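S.K.: Those protein sequences? They're chains A and B, same order as listed.
In terms of this note's numbering, the first sequence is residues 1 to 483.
In terms of this note's numbering, the second sequence is residues 484 to 733.
In short, the hints are calculated from the structure, not lab data.
All values reported here derive from a predicted model rather than from experimental measurement.
Incorrect hints may have been included.
What the hints assert, rightly or not - List of simulated lysine-lysine pairs, PhoX-like, C-alpha gap at most 20 Å:
hint: 1; chain 1: A; residue 1: LYS434; chain 2: B; residue 2: LYS713
hint: 2; chain 1: B; residue 1: LYS670; chain 2: A; residue 2: LYS17
hint: 3; chain 1: B; residue 1: LYS518; chain 2: B; residue 2: LYS489
hint: 4; chain 1: A; residue 1: LYS69; chain 2: A; residue 2: LYS85
hint: 5; chain 1: B; residue 1: LYS719; chain 2: A; residue 2: LYS469
hint: 6; chain 1: B; residue 1: LYS676; chain 2: A; residue 2: LYS21
hint: 7; chain 1: B; residue 1: LYS713; chain 2: A; residue 2: LYS455
hint: 8; chain 1: A; residue 1: LYS12; chain 2: B; residue 2: LYS670
hint: 9; chain 1: A; residue 1: LYS455; chain 2: B; residue 2: LYS670
hint: 10; chain 1: B; residue 1: LYS713; chain 2: A; residue 2: LYS478
hint: 11; chain 1: B; residue 1: LYS676; chain 2: A; residue 2: LYS17
hint: 12; chain 1: B; residue 1: LYS688; chain 2: A; residue 2: LYS30
hint: 13; chain 1: B; residue 1: LYS676; chain 2: A; residue 2: LYS30
hint: 14; chain 1: B; residue 1: LYS670; chain 2: A; residue 2: LYS14
What the hints assert, rightly or not - For the chain A half of the interface with chain B, some residues (derived, Cβ under 8 Å), not all of them:
hint: 15; residue: TYR187
hint: 16; residue: GLU387
hint: 17; residue: LYS415
hint: 18; residue: MET418
hint: 19; residue: TYR433
hint: 20; residue: TRP457
hint: 21; residue: PHE466
hint: 22; residue: HIS472
By construction, the Cβ of each residue, glycine as well, lies at the ideal position given by its N, Cα and C atoms.
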Amino acid sequence: MENPNQNLSSPKEKFVKGFQKSLNDPQLRKNFRNASFALKSMRQTAFPDEAAFKELQELGHRIKMKALKNLGPLLRQLEQKCQEKGIQVHWAESTDEANQIVLEICQRNNAASVIKGKSMVTEEMHLNHFLEQHKIEAIETDLGEYIIQLDHETPSHIIAPAIHKDKKQIAQLFNDKIEGAGYTEVYEELNAIARKSLRKKFYKADVGITGVNFAIAETGTICLVENEGNGRMCSTLPPVHIAVMGMEKVIPTLEELPPLLTLLARSATGQPISTYFNMINSPRKEGEKDGPKEVHLVILDNRRSQIYQDEHLQKTLLCIRCGACLNHCPVYSRIGGHAYNQVYPGPIGKILAPQMNGLESTGGVHNASSLCGACGEVCPVKIPIPEILLRLRYEGVNKSRSSKVHEHGTQQNFKESMAWKFWEKIHASPVLYKTNSGLGNLLNSVMPKNAGPLKNWSEFREVPQFAAKSLHQLAREKGVADE
Amino acid sequence: MKFPKKPDEIYFFGTCLIDMFYPDAGISAIQLIQKEQVKVIYPQEQTCCGQPAFNSGYRQEAQTVALQQIKLFPKKIPIVVPSSSCGAMMKHHYLDLFEDHWALESIKDFSERIIEFSQFLVHVLKIKMEDLGEPVELTWHAPCHALREMQIREEPKQLLQQLKNVKLIELEREHECCGFGGTFSIKFPEISKAMLSDKIDDISKTGASCVLSGDCGCLMNIEGGLKFQKKTMVGKHLASFLWERSNGKS
Ligand code: SF4
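In isolation and in its complexed conformation, chain A is listed as follows (with noise of 0.2 Å):
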């Protein structure tokens, strides 16, 4: 069947027109760098020893990997735990799902405004603009996301949302957003006109809508961390609160908390631990003075289950979402998170996108890497980042039916395939590579430096020169033994 967007461009156009926009900002880019190694040497102070967070590291993997090795029993429990304190439990296969639990809990509620913390789970949802087809306000409250959405762009990083605007062009934007905030730079100034303006809307808000850090399966505990006590407000001050956790969220006990806090505050932005920490455990109980009436919690799938069902694959869900991968990746570095076009950028992202939204229609970020390893490097729990990037390269182009990723075997093109069967014939045989090996000087002479591989290689890089012997030769020559 035609497809009536086939004019629109592909996923894989957008990927490249959007880094190629980035590229060609200095402003984005200088904002992005800048950002980037403050971020990282915040994290270096916070971990000097780098033997001990290795130590640290590896038992956050643990805890993360024996949870999800426990996955459905420790969320049956949690469901249990909280419906025993009074939470409400929902189930969301998909985003639709999930949007549609929460706007069914607003309208119950009569809802007219709702106010937000910071949550990724919620972008993946797209809920704010789901909330406003429905004719609710959706108000986010952490102040990296207030700038964004007052510039109705979406979040750049996963823990600083904002982090592609500097100083300037925040305070040219509360200018001419903002009524009667003036224009001012001092950071004091910029954090007291979006609190004003924020506070108005904490008073009159009917919901309160945050995501979740951990979840305890054996209190039933929500956890959130944050650092504005803005999350505190969305959870405590209207009547009903609504947390959105994805399903990989659960840990077993409360003694697997601190080291996880620890982990993620200090690679997030090398802070020993955040500077707010709520564990929701029941709505207000009877007597009580203040708390939501009505706690809930959506529980979303949106592919998780998938993703688990493969052993190494799987490991994409221990992410505690630190945003330390992001940090340290020179590629997210250099184009930001708004070329990605994807709710989760960077490293985190070139995984976990292309498995919830398909190979194909993420447009190949999962390509985009040099394998560098800096993400696995810092990854506080130890995913192997450049390992899942290597393994959905190989999905890309398995046809076979038995792979469960999704879009599997849409990256295979006829002229890579052949390319690739072209190079196993040369390098399988020693006597095929000898003489194209051999050919060195020739291939100097005669292959194309402006055209076809060649062309990418040499338009900022010189074409490096076949040497005039090979190190087979040099060694044959030198009497190198050969057995």
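Fit chain B with the ligand to the supplied structure of chain A, relying on the hints for placement.
M.R.: Coordinates of chain B with the ligand only, in the frame set by chain A:
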């Protein structure tokens, strides 16, 4: 990490990039090892470790080529590789590539014997070199796979520190990728360029006359960029440099 005792003989896996573009680095490495009274065996039928296909997702093709190499190195002696990237492919990624292969056990034996050149010099040969060259200032670019897959940290610098006329100027962001990444550099030229330009800026800032590395992928990329920008600084493989400086004496 565990390293073997000094052996009487070793295998040398030269890698395809060195074979075609940097044979000098390969032969230098071989000669440095021979000078320590270790016999070097260079199986002439070797070609490539298979990494380019593996990294592009073409595992079947990579397997065929890898198996062709593995059978050439049957003796239970170390296999020295003058490239951390190819070394990591054979030492670590083969286990992934052949996860379900019937010959996994013998492949493991092959992988365990892989040892990168600078680690071999430092930990196995415990080499001592004498510097015969003029005073020179240089800088070191740490290949990503050396750092993060082969766990090579100080070895190259320890070797350079033995050379009294060599002054090593630390490269800012030494651990940041140069933008090569094999086919990445061709598939995503603009991103690769952005990474390389920053690397070249950092290298230029050192004022050194030469940048050394232990991986010919990085070297080809960095040298290509330096030449394109008409910089006077040259790029060299660690092995070539060490042989040049200590040739004939130890
Ligand atoms: S993948 Fe690892 S480093 Fe990246 S956000 Fe997740 S936990 Fe942090």
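S.K.: Would you mind marking each hint as holding or not holding in the structure?
M.R.: Status of the hints after comparison with the structure:
Under the criterion of a C-alpha separation no larger than 20 Å, the hint pairing LYS434/A with LYS713/B is inconsistent with the structure, at around 33 Å. Among the hinted pairs, LYS670/B with LYS17/A is consistent with the structure: their alpha-carbon atoms are about 14 Å apart, no more than 20 Å. For the suggested pair LYS518/B and LYS489/B, the alpha carbons sit about 13 Å apart, so the restraint of at most 20 Å is met. For the proposed pair LYS69/A and LYS85/A, the alpha carbon gap of about 26 Å is over 20 Å, so the pair is violated.
Taken as a hint, the LYS719/B and LYS469/A pair is honoured in the structure, with Cα atoms around 18 Å apart against an allowance of 20 Å. At roughly 14 Å between alpha-carbon atoms, LYS676/B and LYS21/A fall within 20 Å of each other, so this suggested pair holds. A distance of roughly 19 Å separates the Cα atoms of LYS713/B and LYS455/A; the hinted pair therefore holds under the 20 Å criterion. The suggested pairing of LYS12/A with LYS670/B holds, with an alpha-carbon distance near 12 Å, which does not exceed 20 Å.
Restraint check for LYS455/A and LYS670/B: satisfied, since their Cα atoms lie roughly 11 Å apart, inside the 20 Å limit. As the CA atoms of LYS713/B and LYS478/A are separated by approximately 35 Å, the hinted pair breaks the 20 Å bound. Taking the CA atoms of LYS676/B and LYS17/A, the gap is about 16 Å. The hint holds against a cut of 20 Å. For the suggested pair LYS688/B and LYS30/A, the alpha carbons sit about 19 Å apart, so the restraint of at most 20 Å is met.
For the given pair, LYS676/B sits about 16 Å from LYS30/A by alpha-carbon distance, which is consistent with the 20 Å threshold. Between LYS670/B and LYS14/A the alpha-carbon distance is near 15 Å, which keeps this suggested pair within the 20 Å criterion. At a threshold of 8 Å, the smallest CB-CB gap from TYR187/A to chain B is about 28 Å, leaving the interface hint violated. Among the interface hints, the one on GLU387/A holds; its C-beta lies about 7 Å from the nearest C-beta in chain B, closer than the 8 Å criterion.
A distance limit of 8 Å between C-beta atoms decides the matter here; for LYS415/A the minimum to chain B is near 13 Å, and the interface restraint is violated. The interface hint given for MET418/A is violated, since its Cβ lies 11 Å from the closest Cβ of chain B, which is over the 8 Å cut-off. For TYR433/A, the interface hint holds, since its Cβ comes within 8 Å of a Cβ in chain B; the closest pair sits about 4 Å apart. Taken as an interface hint, TRP457/A checks out: its beta carbon lies about 6 Å from the nearest beta carbon of chain B, inside 8 Å.
Interface restraint check: PHE466/A against chain B, minimum CB-CB distance 6 Å, threshold 8 Å, status holds. Look at HIS472/A: its Cβ gets to within about 6 Å of chain B, closer than 8 Å, so that hint holds up.
Going through the hint list in order, the structure does not satisfy hints 1, 4, 10, 15, 17 and 18.
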